[in-house]
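Q: All chains should be built: construct the whole structure from the sequences, respecting the hints.
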Amino acid sequence: MKAVDLARTAVANTFRSKLRTTLTVLALFVGAFTLTITTALGAGVSSYITTQVNSFAAEDVLLVQATTDLTAAAEDDGPAEWDPETSTSSNSQAGGAPLAGAQAEPLTDDDLDTIAAIDGISGIDPVRSVSTDWVSTDSSAKFEFSVNPQSAVTVADLETGAQLDHSASDFEVMLPNDYLEALEFDSADDAVGSEVTIGMTDITGATHEVTAEVVGVSRSSLFASGAGANNALVTELASLRTAGIEGADENSVIAIAYLESELSDAQIEQVTADLSDAGFSAQTIEDQLGIVTTVIAGITGVLNAFAIVALIAAAFGIVNTLLMSVQERTREIGLMKAMGMGSSRIFALFSLEAVTIGVIGSLIGVGAAMLVGSGLSTALAAGPLADLEGLSLFLFEPASLIGVVLLISAIAFVSGALPASRAARQRPIESLRYE
Amino acid sequence: MAIDDPHPSAPPPALEAVGLSKHYGSSASRFDALSDVSLSIRAGECVAIVGKSGSGKSTLMHLLAVLDEPSEGEVRIHGTDARSLSARALNRLRNREFGFVFQQFFLNAQQSVLDNVTLPLTIAGLRRGARRARALEVLGTLDLAEKASAKAVTLSGGQKQRTVIARALAGNPSVIFADEPTGNLDSATGAIVEDLLFTLNREKGITLVIVTHDDELAARCDRQVVLRDGRIVSDSAAPVLEGVAR
Ligand SMILES: Nc1ncnc2c1ncn2[C@@H]1O[C@H](COP(=O)(O)OP(=O)(O)OP(=O)(O)O)[C@@H](O)[C@H]1O
Ligand SMILES: [Mg+2]
Numbered sequence: 001m002k003a004v005d006l007a008r009t010a011v012a013n014t015f016r017s018k019l020r021t022t023l024t025v026l027a028l029f030v031g032a033f034t035l036t037i038t039t040a041l042g043a044g045v046s047s048y049i050t051t052q053v054n055s056f057a058a059e060d061v062l063l064v065q066a067t068t069d070l071t072a073a074a075e076d077d078g079p080a081e082w083d084p085e086t087s088t089s090s091n092s093q094a095g096g097a098p099l100a101g102a103q104a105e106p107l108t109d110d111d112l113d114t115i116a117a118i119d120g121i122s123g124i125d126p127v128r129s130v131s132t133d134w135v136s137t138d139s140s141a142k143f144e145f146s147v148n149p150q151s152a153v154t155v156a157d158l159e160t161g162a163q164l165d166h167s168a169s170d171f172e173v174m175l176p177n178d179y180l181e182a183l184e185f186d187s188a189d190d191a192v193g194s195e196v197t198i199g200m201t202d203i204t205g206a207t208h209e210v211t212a213e214v215v216g217v218s219r220s221s222l223f224a225s226g227a228g229a230n231n232a233l234v235t236e237l238a239s240l241r242t243a244g245i246e247g248a249d250e251n252s253v254i255a256i257a258y259l260e261s262e263l264s265d266a267q268i269e270q271v272t273a274d275l276s277d278a279g280f281s282a283q284t285i286e287d288q289l290g291i292v293t294t295v296i297a298g299i300t301g302v303l304n305a306f307a308i309v310a311l312i313a314a315a316f317g318i319v320n321t322l323l324m325s326v327q328e329r330t331r332e333i334g335l336m337k338a339m340g341m342g343s344s345r346i347f348a349l350f351s352l353e354a355v356t357i358g359v360i361g362s363l364i365g366v367g368a369a370m371l372v373g374s375g376l377s378t379a380l381a382a383g384p385l386a387d388l389e390g391l392s393l394f395l396f397e398p399a400s401l402i403g404v405v406l407l408i409s410a411i412a413f414v415s416g417a418l419p420a421s422r423a424a425r426q427r428p429i430e431s432l433r434y435e
Numbered sequence: 001m002a003i004d005d006p007h008p009s010a011p012p013p014a015l016e017a018v019g020l021s022k023h024y025g026s027s028a029s030r031f032d033a034l035s036d037v038s039l040s041i042r043a044g045e046c047v048a049i050v051g052k053s054g055s056g057k058s059t060l061m062h063l064l065a066v067l068d069e070p071s072e073g074e075v076r077i078h079g080t081d082a083r084s085l086s087a088r089a090l091n092r093l094r095n096r097e098f099g100f101v102f103q104q105f106f107l108n109a110q111q112s113v114l115d116n117v118t119l120p121l122t123i124a125g126l127r128r129g130a131r132r133a134r135a136l137e138v139l140g141t142l143d144l145a146e147k148a149s150a151k152a153v154t155l156s157g158g159q160k161q162r163t164v165i166a167r168a169l170a171g172n173p174s175v176i177f178a179d180e181p182t183g184n185l186d187s188a189t190g191a192i193v194e195d196l197l198f199t200l201n202r203e204k205g206i207t208l209v210i211v212t213h214d215d216e217l218a219a220r221c222d223r224q225v226v227l228r229d230g231r232i233v234s235d236s237a238a239p240v241l242e243g244v245a246r
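These protein sequences, in sequence, are chains A and B. Read in order, the letters of the first sequence are residues 1 to 435 in the numbering used here. Read in order, the letters of the second sequence are residues 1 to 246 in the numbering used here.
No lab work stands behind these hints, which were simulated from the structure alone. Just so you know, these numbers come straight off a predicted model, no measurement behind them. We treat Cβ as the ideally placed atom computed from N, Cα and C, and that holds for glycine. Incorrect hints may have been included.
Stated by the list, open to error - Computed footprint of chain B on chain A; a stretch qualifies when at least three of its residues, placed anywhere within it, have a C-beta under 8 Å from a C-beta of chain B:
no.	segment
1	1 to 11
2	421 to 432
What the hints assert, rightly or not - Derived, one-sided and incomplete: chain A residues facing chain B with beta-carbon distance under 10 Å:
no.	residue
3	Arg-20
4	Ile-296
5	Ala-297
A: And the structure:
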């Protein structure tokens with residue numbers, strides 16, 4: 001029997017007992033649907049997180065801070081006594097983001113030199129704290145405004161325009177897109193190239209205004225909130241803040257260490273170890289976000305486990321369906337064998353029937369999951385998740401869709417193997433005598 | 001090749017049974033369905049195997065058609081011991097050389113007459129077009145052309161039996177094994193089917209091995225082999241053959 005005929009016969013046979021096939025397909029459908037939707041959910045959320053993390057330009061950058069001596073703190077009874085020599089006023093660095101919160105000692109100039117001297121580090125920039133009050137355009141009112149101190153290492157999720165040029169001497173800002181309407185821009189493109197005025201108050205209470213050019217409009221993101229400013233603007237704002245008073249510049253808690261290019265993971269680990277020996281803790285941005293991704297992977301894993309349980313149940317359904325089918329068709333099998341159909345062909349025929357059931361179940365399941373997932377994505381994006389721009393909750397990747405179909409077809413094939421080999425082993429004459 | 005071939009120059013018999021026995025069950029409750037049966041059938045011969053119910057007729061036919069394995073003895077096809085053939089070669093033999101009409105119809109009820117008739121051709125690996133053409137041709141000669149697309153379940157008994165014969169003929173076999181081909185039919189329809197088989201034997205030289213307990217049908221065959229309790233008690237051709245051999 002030729003392969004085409006084998007396939008055609010298998011498909012036709014699958015539909016001979018419609019109710020039974022439908023029920024088995026239904027079981028596979030549930031598995032395929034769950035598996036597709038959870039995989040897509042995991043992919044959607046991780047892809048969102050990844051884009052967000054990438055917006056940090058995490059490559060070749062370490063975030064360094066003094067190691068907080070937790071054990072020493074624990075041994076002390078209560079808070080440490082204030083010492084004018086070593087203690088600094090505790091002013092947490094501006095800008096939300098998971099990167100700031102640590103309660104570490106500020107880095108001194110000596111610290112920065114030590115860090116810069118470590119092999120593999122090409123440069124170090126303390127994260128400067130800048131505080132701004134408002135922003136406006138010629139025609140608009142003033143709106144509260146803060147500059148993300150990490151914009152020096154951030155690659156913005158651009159809606160339009162260009163990234164900040166940190167080597168430029170002109171003042172540049174990256175404007176979050178939720179400012180567009182307030183500042184009376186018609187569109188994001190309209191904003192790019194125009195000038196905005198930034199107002200701030202220095203430590204003496206005097207106010208200053210700085211004008212800067214909008215070079216790009218960014219989408220709001222999970223980790224990088226606030227506007228971005230290039231190095232020239234950050235330096236200007238920081239020096240305006242000290243109002244020319246010597247020593248008023250606060251030391252940074254966090255510094256950004258730039259790694260030499262093309263370091264291997266092992267080399268980066270070495271740098272981290274060296275830093276640790278010198279009394280600093282260093283993390284890549286991925287390290288800091290690792291916990292988030294781990295949690296997401298965990299949740300996806302649990303959901304997928306449910307899908308697998310559904311599939312295992314479905315596999316028994318296939319075994320049962322086909323065993324009944326083999327039983328029912330004993331004579332037919334005997335007849336085909338009597339007419340010279342080889343055992344391997346009989347095996348192939350029944351296996352193909354199993355695979356057909358698998359393919360139908362998985363295709364319907366995957367299709368339904370895509371419909372439901374896209375619908376949910378759109379509904380949620382318009383409603384509760386509107387603030388998370390660029391998030392498509394369900395991401396249907398072709399590779400994983402094909403993977404689901406292949407996996408389920410493989411499960412179907414394996415389940416079909418027992419009934420198929422039982423059919424293949426039947427002696428023709430016994431099958432023909434079967435009443 | 002048998003050393004005691006009665007016709008050294010003639011081609012070997014199409015089918016030959018040598019000392020065939022078939023037991024069922026283990027030693028204690030052993031049942032001998034067939035004991036030491038020897039028989040040789042020339043190409044183009046029409047042989048009736050007759051005997052009471054349970055005498056081993058179907059068992060013998062199945063062994064001759066290599067559908068079953070004997071407990072003792074051997075079956076030779078054109079002089080070749082069937083046991084020396086591979087499973088593949090046996091499948092090929094049954095598919096290309098043999099046509100079967102079983103005691104029951106064994107039609108796939110929900111499939112069309114055409115699909116039922118093309119089954120051996122599909123197994124043979126013929127292309128769809130060629131299968132159709134051949135099956136329609138055979139159905140035409142059996143007056144079933146207009147039933148080609150009807151479901152097998154809708155046919156009358158006689159139509160079913162003719163469909164079964166069409167299926168047996170589709171592959172252009174050189175031997176047709178028919179087990180009670182008229183057993184399920186009324187005498188008029190039975191006569192039509194009988195005529196059909198004898199015409200094929202006469203005009204195409206197809207070897208017929210017909211199992212029956214109908215004496216009239218047996219009488220129309222060239223030769224009658226009578227079985228009783230698994231042994232041949234008479235073979236109408238045997239004296240002639242033995243006469244030649246001596
Ligand atoms: N698989 C089997 N196991 C045990 N006994 C069997 C088996 N197959 C056949 N027999 C026995 O072998 C004997 C011969 O059976 P066979 O089918 O050849 O009879 P038959 O001559 O064709 O009878 P009928 O005319 O009723 O078809 C019977 O007694 C039957 O019970
Ligand atoms: Mg019988």
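Q: Run every hint past the structure and note whether it holds.
A: Hint check results:
Interface restraint, the segment 1 to 11 of chain A with chain B: holds (4 residues with C-beta to C-beta distance below 8 Å; minimum three). Three residues within the 8 Å Cβ limit are the bar, and the segment 421 to 432 of chain A against chain B gives 4, so the coverage statement holds. Taking 10 Å as the C-beta cut-off, the interface hint given for Arg-20 of chain A is violated, the closest approach to chain B being about 14 Å. For Ile-296 of chain A, the interface hint is violated, since its Cβ never comes within 10 Å of a Cβ in chain B; the closest pair sits about 51 Å apart.
A cut of 10 Å between beta carbons decides the hint on Ala-297 of chain A: the least distance to chain B is about 50 Å, and the hint is violated.
When the structure is compared with the earlier hints, violations turn up for hints 3, 4, 5 and for no others.
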